[in-house]
Amino acid sequence: YTIEARMVDASRREVVGRFFNEARSVNRIGNEHIVEVHDLGQSPDGHYFFIMEYLEGRTLAQELGQQGVLAVPRVQHIGAQIADALGAAHSAGIIHRDLKPDNVMLMPRHGDPDFVKILDFGLAKMFMDGMASNLTAQGVVLGTPQYMSPEACESKRDIDHRTDIYALGILLFQMLCGQVPFDGESMGSVLVKQVTQAPPAPRALNPHIPPSVEQIILRCLTKSPDARFPTMIALRDALLDPDRYLASSPPGSTGSARPAPPAAS
Numbered sequence: 001y002t003i004e005a006r007m008v009d010a011s012r013r014e015v016v017g018r019f020f021n022e023a024r025s026v027n028r029i030g031n032e033h034i035v036e037v038h039d040l041g042q043s044p045d046g047h048y049f050f051i052m053e054y055l056e057g058r059t060l061a062q063e064l065g066q067q068g069v070l071a072v073p074r075v076q077h078i079g080a081q082i083a084d085a086l087g088a089a090h091s092a093g094i095i096h097r098d099l100k101p102d103n104v105m106l107m108p109r110h111g112d113p114d115f116v117k118i119l120d121f122g123l124a125k126m127f128m129d130g131m132a133s134n135l136t137a138q139g140v141v142l143g144t145p146q147y148m149s150p151e152a153c154e155s156k157r158d159i160d161h162r163t164d165i166y167a168l169g170i171l172l173f174q175m176l177c178g179q180v181p182f183d184g185e186s187m188g189s190v191l192v193k194q195v196t197q198a199p200p201a202p203r204a205l206n207p208h209i210p211p212s213v214e215q216i217i218l219r220c221l222t223k224s225p226d227a228r229f230p231t232m233i234a235l236r237d238a239l240l241d242p243d244r245y246l247a248s249s250p251p252g253s254t255g256s257a258r259p260a261p262p263a264a265s
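Its first residue numbered 1, the sequence shown is counted upward by one per residue in the numbering used here.
Hints listed in this document are in silico derivations from the structure and should not be mistaken for laboratory results. If you're wondering where the values come from, they're calculated on a predicted model, not measured in any experiment. One should not assume that every hint holds.
What the hints assert, rightly or not - Here are the computed distance ranges between Cβ atoms for each label pair:
{"id": "1", "residue 1": "207", "residue 2": "43", "range": "51 to 57 Å"}
{"id": "2", "residue 1": "72", "residue 2": "195", "range": "28 to 34 Å"}
{"id": "3", "residue 1": "243", "residue 2": "120", "range": "29 to 35 Å"}
{"id": "4", "residue 1": "107", "residue 2": "211", "range": "28 to 34 Å"}
{"id": "5", "residue 1": "183", "residue 2": "107", "range": "50 to 56 Å"}
{"id": "6", "residue 1": "210", "residue 2": "183", "range": "34 to 40 Å"}
Stated by the list, open to error - Mimicking SDA-like on lysine to any residue, the simulated pairs with C-alpha atoms at most 20 Å apart in a straight line are:
{"id": "7", "residue 1": "223", "residue 2": "184"}
{"id": "8", "residue 1": "193", "residue 2": "234"}
{"id": "9", "residue 1": "223", "residue 2": "208"}
{"id": "10", "residue 1": "223", "residue 2": "120"}
{"id": "11", "residue 1": "156", "residue 2": "193"}
We put the CB at the ideal spot given by N, CA and C, even for glycine.
With these hints in hand, go ahead and build the complete structure from the sequences.
In structure tokens:
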């Protein structure tokens with residue numbers, strides 16, 4: 001493999017803790033859509049490092065910057081791979097907590113021009129088998145506000161894997177609508193919207209979105225974690241066959257997040 005070394009100044013204990021937490025988290029997952037870490041340690045001159053695979057491609061942020069809106073089948077394909085990767089992470093006891101376009105790489109591999117690699121598990125939180133390692137005090141907000149779940153915005157301690165399901169819903173919305181559902185001029189205004197406002201109707205922004213896909217997005221974006229998909233694997237399966245998902249879902253299990261009406265022109 002071609003490798004890349006990332007180094008940090010060890011002067012801040014919390015930074016070092018996050019740095020090694022990322023490396024250990026990645027190594028425990030073992031999914032082809034998660035960036036590989038080959039080694040980690042401390043150099044003779046006192047710098048901490050880990051060695052990861054070198055990826056040639058572009059971030060989802062770069063792709064969205066160029067394309068604006070992606071085609072529905074392409075979004076389903078990208079989203080299903082993200083869900084598969086994070087489903088494996090959750091099974092390993094790891095929540096990503098910072099899923100956003102900058103942390104998703106698209107690269108050519110196995111004949112697929114949009115092979116996904118998930119990056120940056122620096123905010124990952126161990127939550128199974130008694131390995132919880134919360135490096136931050138209660139009340140400290142970590143993450144990118146536009147992609148944070150309501151419970152993360154409120155800095156709740158009982159955050160679980162469903163916070164990543166909400167974030168993937170944000171990504172699906174953005175890829176199909178060309179914008180995030182909640183934005184603002186300040187971090188505080190975005191956090192308030194995430195907690196209190198319903199998302200815009202995806203099909204009002206992009207009429208090419210099938211109703212079944214819209215329902216998948218809206219279920220991801222429900223304020224209550226209990227109303228979202230129970231697992232990333234369930235979300236992956238829905239993305240791979242939205243019509244079957246919609247036909248087989250029990251009443252009340254889709255579209256629980258009622259979208260906000262489109263703004264008057």
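Status of the hints after comparison with the structure:
Between residue 207 and residue 43 the beta carbon distance is about 55 Å. The supplied range of 51 to 57 Å therefore holds. Checked against the hint of 28 to 34 Å, the C-beta distance between residue 72 and residue 195 comes to roughly 29 Å, which is consistent with it. Roughly 34 Å separates the CB atoms of residue 243 and residue 120, a value that falls within the hinted 29 to 35 Å. Hint check: residue 107 to residue 211, Cβ distance near 32 Å, so the stated range 28 to 34 Å holds.
Checked against the hint of 50 to 56 Å, the pair residue 183 and residue 107 fails, with Cβ atoms roughly 28 Å apart. For the hinted restraint 34 to 40 Å between residue 210 and residue 183, the CB-CB distance of approximately 25 Å leaves it violated. For the suggested pair residue 223 and residue 184, the alpha carbons sit about 19 Å apart, so the restraint of at most 20 Å is met. Simply put, residue 193 and residue 234 have alpha-carbon atoms about 27 Å apart, too far for the 20 Å limit, and the pair is violated.
Straight-line distance between C-alpha atoms of residue 223 and residue 208 comes to about 25 Å, which puts the hinted pair past the 20 Å bound. Between residue 223 and residue 120 the alpha-carbon distance is near 25 Å, which puts this suggested pair outside the 20 Å criterion. Using a Cα cut-off of 20 Å, the hinted pair residue 156 and residue 193 holds, with the two alpha carbons roughly 17 Å apart.
In this structure, the earlier hints numbered 5, 6, 8, 9, 10 are contradicted, and the remaining ones agree with it.
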